[in-house]
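Quick mapping for you: the protein sequence lines, in order, are chains A and B.
Just so we're aligned: the first sequence equals residues 1 to 222 in the numbering used here.
Just so we're aligned: the second sequence equals residues 1001 to 1070 in the numbering used here.
Bear in mind the hints are in silico, worked out from the structure with no lab data behind them.
Don't take every hint at face value.
30 Å max Cα-Cα, derived DSSO-like pairs, lysine-lysine [unchecked claim]:
{"id": "1", "chain 1": "B", "residue 1": "LYS1060", "chain 2": "B", "residue 2": "LYS1003"}
{"id": "2", "chain 1": "B", "residue 1": "LYS1006", "chain 2": "B", "residue 2": "LYS1038"}
{"id": "3", "chain 1": "A", "residue 1": "LYS20", "chain 2": "A", "residue 2": "LYS180"}
{"id": "4", "chain 1": "A", "residue 1": "LYS215", "chain 2": "B", "residue 2": "LYS1017"}
{"id": "5", "chain 1": "B", "residue 1": "LYS1006", "chain 2": "B", "residue 2": "LYS1017"}
{"id": "6", "chain 1": "B", "residue 1": "LYS1043", "chain 2": "A", "residue 2": "LYS215"}
{"id": "7", "chain 1": "B", "residue 1": "LYS1006", "chain 2": "B", "residue 2": "LYS1060"}
{"id": "8", "chain 1": "A", "residue 1": "LYS215", "chain 2": "A", "residue 2": "LYS127"}
{"id": "9", "chain 1": "A", "residue 1": "LYS127", "chain 2": "B", "residue 2": "LYS1038"}
{"id": "10", "chain 1": "B", "residue 1": "LYS1003", "chain 2": "B", "residue 2": "LYS1043"}
{"id": "11", "chain 1": "A", "residue 1": "LYS93", "chain 2": "A", "residue 2": "LYS180"}
{"id": "12", "chain 1": "A", "residue 1": "LYS215", "chain 2": "B", "residue 2": "LYS1041"}
{"id": "13", "chain 1": "A", "residue 1": "LYS147", "chain 2": "B", "residue 2": "LYS1017"}
{"id": "14", "chain 1": "B", "residue 1": "LYS1006", "chain 2": "A", "residue 2": "LYS215"}
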Amino acid sequence: MTSQESSDIMNTSSQLPAPKYTPALKTWFDFLYYLSGLAMLVGAGFILVVGLNIPGEISERHTDIEYWFNATVIANDVTAAASEIMQVDGKLKLNNTSGRAAFFIANTDSILISGIFSLLAFYNLRKLFANLATQRIFDLENVAYVKKLGLLILVYSLVSPFLTYLCGMAILAEIGEFHKQLQLSPYVSIPIEGILISGALLVLAQILEYAFQMKQEQSLTI
Amino acid sequence: MSKAIKINLDMVMLQRKMSLTELSERVGITMANLSTLKTGKAKAIRFSTLLALCEALDCKPGDLIQLEED
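Okay, chain A solo, but in the shape it has when bound (with noise of 0.2 Å):
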């Protein structure tokens, strides 16, 4: 295609073809939007319900916490050949701890924090499909819709490492590294794909703003 078809393309919205599945896709991200939205809300209700009725006493606490950490499985026998049995690191569900707080952090981390991006990711994607959908292609508004999203999906790579790092720490000062044979660390990890795409989003901006402003040049030549 040459530019001239291309930009000619460009011009007249009405030549392009009718959108396929952009509509469908914009009413997808429309029910995820609002099912992130009412998760979160459940999600924050569960929180208040289960923690606030979590007893005072130390004792009588029998707390369930999904979090996550790295854990190490120690042999029984300090004389066996290996006193490190297994390594594994990623969410585990630890029962029956005597956690109160460790309970509020995990869950608020889990369910409220990465609630949050989502819902604004999703927000921002179901902007953006509405305009696909309606041949509001090269768009300023758009630009700003890509923009954002790769920025949330960027501070949300480098927040939630630390974040991460940050709650196990508390979760463990409460409930304690050591339980019987199970050794447990805070698990850091930093998404590396998260930061790629973010990246990549980044530069589409870039690209879609060049092209805005190539479109308005030409819708501008007589």
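Following the hints, complete the assembly by docking chain B onto the known chain A.
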């Protein structure tokens, strides 16, 4: 001192006593686009448009385009 290209469509149309509607019909350019040209909002002009305007107004490109210094 900055320089700019100015389209003298107004003046040439006045000299030829041609209305915007008539020019639009002769050249085959919409009134909106001719108005964009007249008001100086246009960023560029195609050779084909310039040729059509020159033919319709019986003038040379230099009559329509002028270098202006601020």
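Checking against the hints above, which ones are violated?
Hint check: 3, 4, 9, 13 fail, others pass.
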